[in-house]
Amino acid sequence: MIAFSNVTKRYEETGDVLRNVSFEIKRGEMAFLTGHSGAGKSTLLRLIAAMERCSRGQIIVDGEDIGLVKESQLPFIRRKMGFIYQDYKLLHDRTVFDNVALPLIIAGYGHQEVSRRVRAALEKVGLQGKEKKYPLALSGGEQQRVGIARAVVNKPPVIIADEPTGNLDPDLSAEIMNLFRQFQQVGVTILIATHDISLISQMDNRVLKLDHGQLVQS
Amino acid sequence: MKRVNKNRIKKDPPIKPVKQEHKQTSEAGGTFNDKVIAYRDLHIHALFSSLARMIASPFSSIMTIAVLAIAISLASCFYIVVANIHQLTGSIETSNQISLFLKEEVSDAHAKKMVENIRSNQNVQSVKLITKEQALEEFKEYSGFGDAINAIKKNPLPIVLQVLPKNSLYVKQGLDDLLKGFKQLPEVDFAQFDLQWVDRLQAIVDVAQVFASLLNSLLAAAVLFIIGNTVRLEFYSRRAEVVISKLVGATNAFIRRPFLYTGFWMGFISGVSAWFIVTILMLILRGSVERLSGLYDGTMHLLFLDFTETLFLISTSSLMGVLGAWVVLFYELKSAKS
Numbered sequence: 487m488i489a490f491s492n493v494t495k496r497y498e499e500t501g502d503v504l505r506n507v508s509f510e511i512k513r514g515e516m517a518f519l520t521g522h523s524g525a526g527k528s529t530l531l532r533l534i535a536a537m538e539r540c541s542r543g544q545i546i547v548d549g550e551d552i553g554l555v556k557e558s559q560l561p562f563i564r565r566k567m568g569f570i571y572q573d574y575k576l577l578h579d580r581t582v583f584d585n586v587a588l589p590l591i592i593a594g595y596g597h598q599e600v601s602r603r604v605r606a607a608l609e610k611v612g613l614q615g616k617e618k619k620y621p622l623a624l625s626g627g628e629q630q631r632v633g634i635a636r637a638v639v640n641k642p643p644v645i646i647a648d649e650p651t652g653n654l655d656p657d658l659s660a661e662i663m664n665l666f667r668q669f670q671q672v673g674v675t676i677l678i679a680t681h682d683i684s685l686i687s688q689m690d691n692r693v694l695k696l697d698h699g700q701l702v703q704s
Numbered sequence: 004m005k006r007v008n009k010n011r012i013k014k015d016p017p018i019k020p021v022k023q024e025h026k027q028t029s030e031a032g033g034t035f036n037d038k039v040i041a042y043r044d045l046h047i048h049a050l051f052s053s054l055a056r057m058i059a060s061p062f063s064s065i066m067t068i069a070v071l072a073i074a075i076s077l078a079s080c081f082y083i084v085v086a087n088i089h090q091l092t093g094s095i096e097t098s099n100q101i102s103l104f105l106k107e108e109v110s111d112a113h114a115k116k117m118v119e120n121i122r123s124n125q126n127v128q129s130v131k132l133i134t135k136e137q138a139l140e141e142f143k144e145y146s147g148f149g150d151a152i153n154a155i156k157k158n159p160l161p162i163v164l165q166v167l168p169k170n171s172l173y174v175k176q177g178l179d180d181l182l183k184g185f186k187q188l189p190e191v192d193f194a195q196f197d198l199q200w201v202d203r204l205q206a207i208v209d210v211a212q213v214f215a216s217l218l219n220s221l222l223a224a225a226v227l228f229i230i231g232n233t234v235r236l237e238f239y240s241r242r243a244e245v246v247i248s249k250l251v252g253a254t255n256a257f258i259r260r261p262f263l264y265t266g267f268w269m270g271f272i273s274g275v276s277a278w279f280i281v282t283i284l285m286l287i288l289r290g291s292v293e294r295l296s297g298l299y300d301g302t303m304h305l306l307f308l309d310f311t312e313t314l315f316l317i318s319t320s321s322l323m324g325v326l327g328a329w330v331v332l333f334y335e336l337k338s339a340k341s
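In the order they appear, the protein sequences are chains A and B.
The working numbering applies: residue 487 is where the first sequence begins, and numbers increase by one.
The working numbering applies: residue 4 is where the second sequence begins, and numbers increase by one.
Just so you know, the hints here were simulated from the structure itself, not pulled from any lab data.
One or more of the hints may lead you astray.
To be verified - With a Cα cut of at most 25 Å, we get these calculated DSS-like pairs of lysine-lysine:
1. K337/B - K556/A
2. K610/A - K556/A
3. K566/A - K337/B
4. K183/B - K157/B
5. K131/B - K566/A
6. K337/B - K575/A
7. K641/A - K38/B
8. K157/B - K169/B
Claimed, not checked - Footprint (simulated), chain B over chain A, 3 or more residues, beta carbon under 8 Å:
9. 593 to 599
10. 648 to 655
Glycine is no exception: its CB is placed at the ideal position from the N, C-alpha and C atoms.
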């Protein structure tokens, strides 16, 4: 589902952030991406999201070579992935409903379909009845769940999470992980970047470890 | 969830991006009709949300629109001034008629002989003699100085021969040669093309028109820059939204849309305001122009912006709003990778 082969990302200022990274995550697999700060986790995720292009190598997501996709077609690639962030990246001037509805509106869904799917997604993450609230009126855990609802509302085959539990206490983290496992069970491919070792050790999943831009464990 | 993913598994082999797009849209919300409605709703939403956003910060919106409206109304004023002068000069027909003012000592009888001579010139179509008396009558009638003229004992006006050259002789050189010939006649005191001043006035008006067009281009550029800059600031203040929309798969067209509508609204509202400014200015001016016109037999009527011109004003300013926004967004989206 996600395949890197010999991927290198070089920045003019800092040099190689990723060097010869190769791995493959199969459809329906859930994997952790770990490593010290600055090891290149975020860069790797940004490459998958096609927010940046790799300097060398090949990245294939859902059978498509991202490097060959035209700029104008990248949005359609991104719609196949749901992204979850440590800082939630919610729009504070919009309600929970509008935040979750954004991917659907962008994809051009009709009014009723949007409404139906948003409600289903909110129910899935346990936020039914909070549609009209604004993100800042919610707790951290709830905001993260809004972010997750937004990531899955479009039913993407891939979910990418960047430190999804970074700001949450262990109980909430476990809850969020539980959600991820439920998604995995229905066939979604999930890649979670985290440096929360205890979290990883609680779960029996594959771990990709980056060290100074190189994959040392996969 | 399950159903969709089973479908995905069946569609495993690589699919070209173009097909992918098709798949995406066909997935998105049912029938073609639904999608058209969804697309229309997007536009309507963008149209009103951008207006609502402008209303939400009334102070800066009003300031920007005031500047734009003043620039646009200045351009409109230049246009109206030129149009009015045009109307004034356009009513005076240019002609090639030449007037020969004869020396004072030339008698009526001699003048009649001259008329015969000139008439025999092959380049001349007709000649008309205006005697001193006829000229005086005419002058009294039209100038309004009748009483003053009566007070003068001696008629100060010369005999005038009005020569109309043949139409075939429209080449400037030929006309000039003819005029030069008349000037050399010993009886002729002074010869000139009639209404030559109209030509000159028209040349001046042409210069004014070109100048007004240049100024209007500058003002149009100013409008574009102001709208562009305002949209750019708006773009930066909504950067989070842009980045998030991009992350969840928004196309550049989607991101651009609300900003283009902001540009549209600014242009449109400024155009309408400019129309009001111009109309108020014209109403203030009307009184004095009509008084002036009264002094010149009422030949001049103040031209306002007519319906088509109003439509042009408002649609052009709206279009410039969209254009200014579009140019800025084009560069911002190109340079902004997330």
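Verification of the hints:
no., hint, in the structure
1, K337/B - K556/A, "holds (14 Å)"
2, K610/A - K556/A, "violated (34 Å)"
3, K566/A - K337/B, "holds (23 Å)"
4, K183/B - K157/B, "violated (31 Å)"
5, K131/B - K566/A, "violated (92 Å)"
6, K337/B - K575/A, "holds (22 Å)"
7, K641/A - K38/B, "holds (19 Å)"
8, K157/B - K169/B, "violated (36 Å)"
9, 593 to 599, "holds (count 6)"
10, 648 to 655, "violated (count 0)"
In terms of the numbered hints stated before, the structure departs from hints 2, 4, 5, 8, 10, listed from lowest to highest.
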